[in-house]
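Chains A and B, in that order, give the protein sequences. Counting with my numbering, you get residues 1 to 244 for the letters of the first sequence. Counting with my numbering, you get residues 1 to 228 for the letters of the second sequence.
Incorrect hints may have been included.
No more than 25 Å apart at the CA atoms, straight line, and that leaves these computed lysine to aspartate or glutamate pairs for DMTMM-like [said to hold, decoys possible]:
#1 K232/A to E227/B
#2 K2/A to D131/A
#3 K210/A to D102/B
#4 K193/A to E75/B
#5 K108/A to E15/A
These aren't lab readings, by the way, just hints derived from the structure by calculation.
Listed below are the residues making up each chain.
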Amino acid sequence: MKIGFTGLPDLNVIEKYKNKDAEFIDIDMPIEGVNVSIANHYVPQVYCATLRTILANALSLKDIDLFIFDVGEGKCDGMRFISHLIKKLTGKPVIETRNTVELRRGTKISDSKLPLFDKMNLIVDNALFYDLPEDLDLSPMEDPPAGFWGVPPNNFDILKLFPDGTRIFGWTRCLEDGSPADLKLEMEILKDKPMIFFAQQFCQKNSLAKYLAEETGGLYIEVDMFVGNLAKTKIEAYLHLWKR
Amino acid sequence: MEKIIKENLLYVADAGTTYTKVLYEDGTKDVLPTRYLPKEFSPLYATGHNAKRFTENYYNELISLAEGALLHVKEDDFTIVDVGSRDIKYVRLKNRSYNSMDWNDSCGALAGFTIELLEKYFDLNPYKIDPVCKEMVPVVCGVLGMAAMFDKISQGWKEEDAYVAFLCGLIHTLHHFIKPTKVFYMSGGLCEHPLFIPLWEQKFNVKIIPLGRYLLCEGLFSIMERER
Chain A
1 MKIGFTGLPD
11 LNVIEKYKNK
21 DAEFIDIDMP
31 IEGVNVSIAN
41 HYVPQVYCAT
51 LRTILANALS
61 LKDIDLFIFD
71 VGEGKCDGMR
81 FISHLIKKLT
91 GKPVIETRNT
101 VELRRGTKIS
111 DSKLPLFDKM
121 NLIVDNALFY
131 DLPEDLDLSP
141 MEDPPAGFWG
151 VPPNNFDILK
161 LFPDGTRIFG
171 WTRCLEDGSP
181 ADLKLEMEIL
191 KDKPMIFFAQ
201 QFCQKNSLAK
211 YLAEETGGLY
221 IEVDMFVGNL
231 AKTKIEAYLH
241 LWKR
Chain B
1 MEKIIKENLL
11 YVADAGTTYT
21 KVLYEDGTKD
31 VLPTRYLPKE
41 FSPLYATGHN
51 AKRFTENYYN
61 ELISLAEGAL
71 LHVKEDDFTI
81 VDVGSRDIKY
91 VRLKNRSYNS
101 MDWNDSCGAL
111 AGFTIELLEK
121 YFDLNPYKID
131 PVCKEMVPVV
141 CGVLGMAAMF
151 DKISQGWKEE
161 DAYVAFLCGL
171 IHTLHHFIKP
181 TKVFYMSGGL
191 CEHPLFIPLW
201 EQKFNVKIIP
211 LGRYLLCEGL
221 FSIMERER
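Between the sequences and the hints, there should be enough to build the whole structure, so can you do that?
Structure (structure tokens):
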């Protein structure tokens with residue numbers, strides 16, 4: 001059985017399928033071979049890249065048997081409508097959850113010395129079961145050079161611009177902790193260090209990212225599907241000027 | 001063409017969309033249309049839209065802009081704005097450290113390029129035009145601004161008046177993009193334009209201190225000196 005999921009659904013629901021030889025597929029992220037532009041038939045092109053990706057994946061991955069979507073405050077309001085659309089267009093069963101559980105799994109990956117790109121992959125890959133390899137070195141970065149705040153970007157290229165050990169904040173930190181609706185945790189930041197506040201273009205998280213950046217002297221960046229030169233340049237310049 | 005490469009002298013370059021500015025280690029400067037750069041053009045350090053083609057020591061424009069401004073400006077808090085051929089960018093510093101910045105290379109852009117295009121097309125001499133903003137046309141971007149300007153001409157406006165209204169509209173867009181303080185610094189080729197800064201100062205009652213078109217090169221040069 002193949003199950004497509006988004007966000008971090010209520011794990012009590014996930015548990016019911018865990019031992020039924022289910023394969024869980026994160027359809028938040030771009031999947032090779034899926035053409036995201038097919039979402040243009042149903043939602044505007046000027047729309048959140050993550051929600052467009054979810055819709056395109058759901059329509060394209062014909063062998064998915066069931067969808068489990070988090071649609072509450074731990075995900076986003078837009079997901080409620082996308083869930084409705086997927087149900088209608090695919091005719092497949094959809095289970096919606098509103099996950100307000102705070103599991104407190106900790107933030108070892110977010111705080112580790114690993115490159116930001118690797119951290120993000122680890123968090124996304126372990127979102128449901130947090131089953132980390134035993135030989136993985138997750139020793140903490142005591143004095144992180146910078147902080148990245150935000151959701152996992154639709155395009156991870158942006159993460160390669162950051163120095164190793166950059167600490168993860170925002171919703172991604174909440175995801176690792178298993179507490180996707182914890183606004184207090186989502187608003188934690190690193191003081192006296194460069195902080196980059198990232199949001200996916202057209203996402204509600206932009207308001208929080210902009211607010212926190214202005215409050216703390218951080219850099220606010222919004223990116224659509226592709227990471228253009230402008231975003232890269234701003235990050236490079238911000239890190240350079242901070243170090244100066 | 002030969003004048004741009006002085007043998008045995010190191011140089012840095014700001015290879016912009018339209019023009020490339022060059023600063024030699026002896027302090028001399030030069031400018032050349034980017035499309036005519038010779039094959040052997042190889043600055044030790046470079047910035048600008050086309051810079052990566054010419055050097056391995058690339059620094060982006062925002063970094064070069066801020067570094068250049070820090071060389072010239074002695075105040076702790078200030079804003080530096082660069083109006084280029086196809087973009088506008090600014091960096092605001094507080095206590096000589098990062099405060100905010102932004103860069104617009106789409107909407108409200110094509111500033112310098114469009115001004116030059118209009119002057120050539122209508123054969124206008126900006127030195128003979130009074131810097132007075134009476135009316136403006138909306139300039140959301142260069143192309144839409146031009147369309148609005150041509151509408152005015154078709155309604156009977158003089159080409160010269162429509163051109164000044166375009167400049168005022170462009171300045172309006174740029175001003176609201178950078179949200180400047182009463183006094184701010186400017187770099188880029190438009191520092192030398194006879195209408196651009198006077199119109200901006202008049203329209204918004206601000207004081208603009210021009211730092212010239214080589215500011216990014218100067219910033220880059222200081223980075224090179226620190227690193228070598």
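Would the pair K2/A and D131/A pass a check requiring their Cα atoms to be no farther apart than 25 Å? holds, 19 Å
Going straight from one Cα to the other, do K193/A and E75/B come out at no more than 25 Å? holds, 24 Å
Is the hinted pair K210/A and D102/B satisfied, with a Cα-Cα distance of at most 25 Å? holds, 13 Å
Compare the distance between the alpha carbons of K108/A and E15/A with 25 Å, and conclude whether the hinted pair is satisfied. holds, 23 Å
Restraint status (C-alpha distance of K232/A to E227/B at most 25 Å): The given pair, whose Cα atoms are some 22 Å apart, holds under the 25 Å limit.
When held up to the earlier numbered hints, the structure conflicts with none and fits them all.
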